[in-house]
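As a plain string of letters, each chain reads:
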Amino acid sequence: MSLFDFAPGREGYYGTYGGCFLPEILTSTIDELRECFRACKADPAFWEEFRAVMRSYSGRPTPVTYLENLSRHLGGARIYVKREDLNHTGSHKINNVMGQGLICKRLGKTRVIAETGAGQHGFATATMAARFGLRCKIYMGAVDVARQRPNVFWMENLGAEVVAVEDGQRTLKDAINECLRDWVTNMADTHYVLGTACGPHPFPEMVSYFQSIIGLEAREQIQENAGRLPDRVYACVGGGSNAMGIFQGCLDDAGVELVGCEAGGFGPGPGGHASRLAYPDASLGVAQGYKTYFLQNEDGNMLETHSIAAGLDYIGVNPILAYLWEQKRVRFEAATDDEVREALRLVMRTEGLIPALESTHAFARAIAEAPAMGRDEIILINQSGRGDKDIFTVADAIDDRAWKQFIRAKADQYGA
Amino acid sequence: MALESYLRERLARKPLLVMTHVVCGYPSFEENLRALEVMAEFDVDLVELQFPFSEPSADGPRFVRANQLAIEHGTHTRDCFAFMARAAQRFPFKLLMMGYYNTVFKMGEAAFIEQLAAAGGAGLIVPDLPLEESGELRRLAAARDLDPILLLAPTNTEARLAQLGAAARGFVYAVARKGVTGSKTAMDAELSDFIARCRRVTQVPVGVGFGVSSREDIDFLRGRADIAIIGTAALAAWEERGEAGLRAFLAELLG
Numbered sequence: 000m001s002l003f004d005f006a007p008g009r010e011g012y013y014g015t016y017g018g019c020f021l022p023e024i025l026t027s028t029i030d031e032l033r034e035c036f037r038a039c040k041a042d043p044a045f046w047e048e049f050r051a052v053m054r055s056y057s058g059r060p061t062p063v064t065y066l067e068n069l070s071r072h073l074g075g076a077r078i079y080v081k082r083e084d085l086n087h088t089g090s091h092k093i094n095n096v097m098g099q100g101l102i103c104k105r106l107g108k109t110r111v112i113a114e115t116g117a118g119q120h121g122f123a124t125a126t127m128a129a130r131f132g133l134r135c136k137i138y139m140g141a142v143d144v145a146r147q148r149p150n151v152f153w154m155e156n157l158g159a160e161v162v163a164v165e166d167g168q169r170t171l172k173d174a175i176n177e178c179l180r181d182w183v184t185n186m187a188d189t190h191y192v193l194g195t196a197c198g199p200h201p202f203p204e205m206v207s208y209f210q211s212i213i214g215l216e217a218r219e220q221i222q223e224n225a226g227r228l229p230d231r232v233y234a235c236v237g238g239g240s241n242a243m244g245i246f247q248g249c250l251d252d253a254g255v256e257l258v259g260c261e262a263g264g265f266g267p268g269p270g271g272h273a274s275r276l277a278y279p280d281a282s283l284g285v286a287q288g289y290k291t292y293f294l295q296n297e298d299g300n301m302l303e304t305h306s307i308a309a310g311l312d313y314i315g316v317n318p319i320l321a322y323l324w325e326q327k328r329v330r331f332e333a334a335t336d337d338e339v340r341e342a343l344r345l346v347m348r349t350e351g352l353i354p355a356l357e358s359t360h361a362f363a364r365a366i367a368e369a370p371a372m373g374r375d376e377i378i379l380i381n382q383s384g385r386g387d388k389d390i391f392t393v394a395d396a397i398d399d400r401a402w403k404q405f406i407r408a409k410a411d412q413y414g415a
Numbered sequence: 000m001a002l003e004s005y006l007r008e009r010l011a012r013k014p015l016l017v018m019t020h021v022v023c024g025y026p027s028f029e030e031n032l033r034a035l036e037v038m039a040e041f042d043v044d045l046v047e048l049q050f051p052f053s054e055p056s057a058d059g060p061r062f063v064r065a066n067q068l069a070i071e072h073g074t075h076t077r078d079c080f081a082f083m084a085r086a087a088q089r090f091p092f093k094l095l096m097m098g099y100y101n102t103v104f105k106m107g108e109a110a111f112i113e114q115l116a117a118a119g120g121a122g123l124i125v126p127d128l129p130l131e132e133s134g135e136l137r138r139l140a141a142a143r144d145l146d147p148i149l150l151l152a153p154t155n156t157e158a159r160l161a162q163l164g165a166a167a168r169g170f171v172y173a174v175a176r177k178g179v180t181g182s183k184t185a186m187d188a189e190l191s192d193f194i195a196r197c198r199r200v201t202q203v204p205v206g207v208g209f210g211v212s213s214r215e216d217i218d219f220l221r222g223r224a225d226i227a228i229i230g231t232a233a234l235a236a237w238e239e240r241g242e243a244g245l246r247a248f249l250a251e252l253l254g
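Residue numbers (numbering that gives the first Met the number 0), protein chains in the order written: chain V, 0 to 415; chain L, 0 to 254.
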């Protein structure tokens, strides 16, 4: 499938999804970015430079791990996991960030801005900025700042300025709006490191391009480890960057089913989740620079969203995935907060892995479906990030008494 | 042509026209109506009625808050059109819908244009809808003699300005500076040059907005632009002292 060979006049469109809807003030900036990315993508040396950076700085290739205990426990398919959690900064976000860092250097810009939900993308961007000598400002919804303090701590200590966004729902979408406002003001020296495969063209293509390193590696590794391609690939979908990353490894293999796992939150019904495609609550719209399915009301104003995982708590979905869903190439499912908590417990106890709450959505669906599959069948899950950052949320969710005692003691120590 | 003829007729009498702005439903439609009455006292020529959107990413903090509160107060697209219809009957100035593209898209372009025409609007300003994406909307609008207003930016290349200028109908909205609405703009030689560049590329009147907030700004624009566009500063005046505040602000600005 040649997703990125656009028909004349349809550049940046995947079926009816995507496009580039920005204020006129950004036209020359986005043109410049698109041209720079085109040149990089056409240059094989650029991809090699990118791979070399990821090898030496982030520890790539990340391995594929066979989950023998979990597979046996479930009694169905054999489950393998692509370990994006083992990247530097603990998630797949670094792939896109280092790639855009190289682009930023080519553009000659000296400052980067980024939105972040769970904080992983902001953390990765702050790291890249420190490494490449760029000034860095991270916008994060105030709600997310409150629930992801450890990442805020690291961003600030890496030299980034973190701004808590108090507008709207004070989550990821509001942080994106704030980035757009910064960008329309400071585009002369600033590159916007958009963290997911959403937003205006060329971002969905560019982010997918850098994240394709996941799928390209995983395709080789699963064939080495399991002897063949998987039957199903599971990835969580917030904006959709890790899913696009791993799915691209098997997009042309008709026998491999691709499953996108969205945030089911409290379950179906407007306002209680962030499932754009798995639940019937979203509709087609144009916001934040692109056309896709959004959780919105009849006036086109966005609904409240909810997820236990800050990184999935978003109103829109990658336009490429919306197209692949419409083409029936990607199946979409949702995992609720409760299912995610259960899945996390099981994976920790059986395999000693701590997936991020975001990634655990993919585990939850795989765990639900694996028992009905044959023992000769193969599942590949993308563990997009590690979960130790979620210690506060997880401790809350499982009501851990010892943890609460520790926090109280710490508070006393700080004189709270 | 209706909007441009209207502007030309007024420009024959006044050297600089004025366009003001209200956010529909903020603080309330009743207060919007009183604001329009004050604007009419000062013979304002055009008013933008902003249809509130939950993701106003081109707006500064004051308008962001106004959009958010208007939605929280239960302002719907249908209420904005009803208000427009009421205002169009009552006031001599022309009204433009201003808002983000999703508001139009969600209703459907054809239905939206029909409603806008029925409400007596003269056109629409949709800052996040680029020219390339507006073909069908422009065709539908033209059929109802409505004008989609294009924005021209100081960051545009000459080629892009020429393309926009040639496609413009009604008037062009020259964005005085980078950034979002509501911050101060330096009225200087650079802006003067930009306005002159806009003039060279289009036949329609040139409006200038973003940061126009003082008597000095108006004096600067007179003789350079055709329309002074005042947004945030008028809302600030209303938020501070209500009707009296807006009246004092407009008196200082235009009196």
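If you are wondering where the hints come from, they were derived from the structure by calculation, not from laboratory data.
Be a bit skeptical, because a hint or two may be false.
Unchecked claim - In the SDA-like style, the derived pairs of lysine to any residue whose C-alpha atoms are separated by at most 20 Å in a straight line are: (1) L/Lys177 x V/Gly132; (2) L/Lys183 x V/Met186; (3) V/Lys104 x V/Ser70; (4) L/Lys183 x V/Asn185; (5) L/Lys183 x V/Arg110; (6) L/Lys177 x L/Pro60; (7) L/Lys177 x V/Arg110.
Small disclaimer: the values here were computed from a predicted structure and weren't measured.
Hints, one by one, checked against the model:
1. Under the criterion of a C-alpha separation no larger than 20 Å, the hint pairing L/Lys177 with V/Gly132 is inconsistent with the structure, at around 25 Å.
2. Only pairs whose Cα atoms come within 20 Å are accepted, and L/Lys183 paired with V/Met186 is accepted, the gap being roughly 18 Å.
3. Restraint check for V/Lys104 and V/Ser70: the C-alpha separation of about 45 Å exceeds 20 Å, so the hint is violated.
4. Pair hint L/Lys183 plus V/Asn185 holds up; C-alpha atoms about 15 Å apart against a cutoff of 20 Å.
5. Simply put, L/Lys183 and V/Arg110 have alpha-carbon atoms about 23 Å apart, too far for the 20 Å limit, and the pair is violated.
6. Simply put, L/Lys177 and L/Pro60 have alpha-carbon atoms about 15 Å apart, close enough for the 20 Å limit, and the pair holds.
7. For the suggested pair L/Lys177 and V/Arg110, the alpha carbons sit about 17 Å apart, so the restraint of at most 20 Å is met.
Violated hints for the displayed structure, listed by number in ascending order: 1, 3 and 5.
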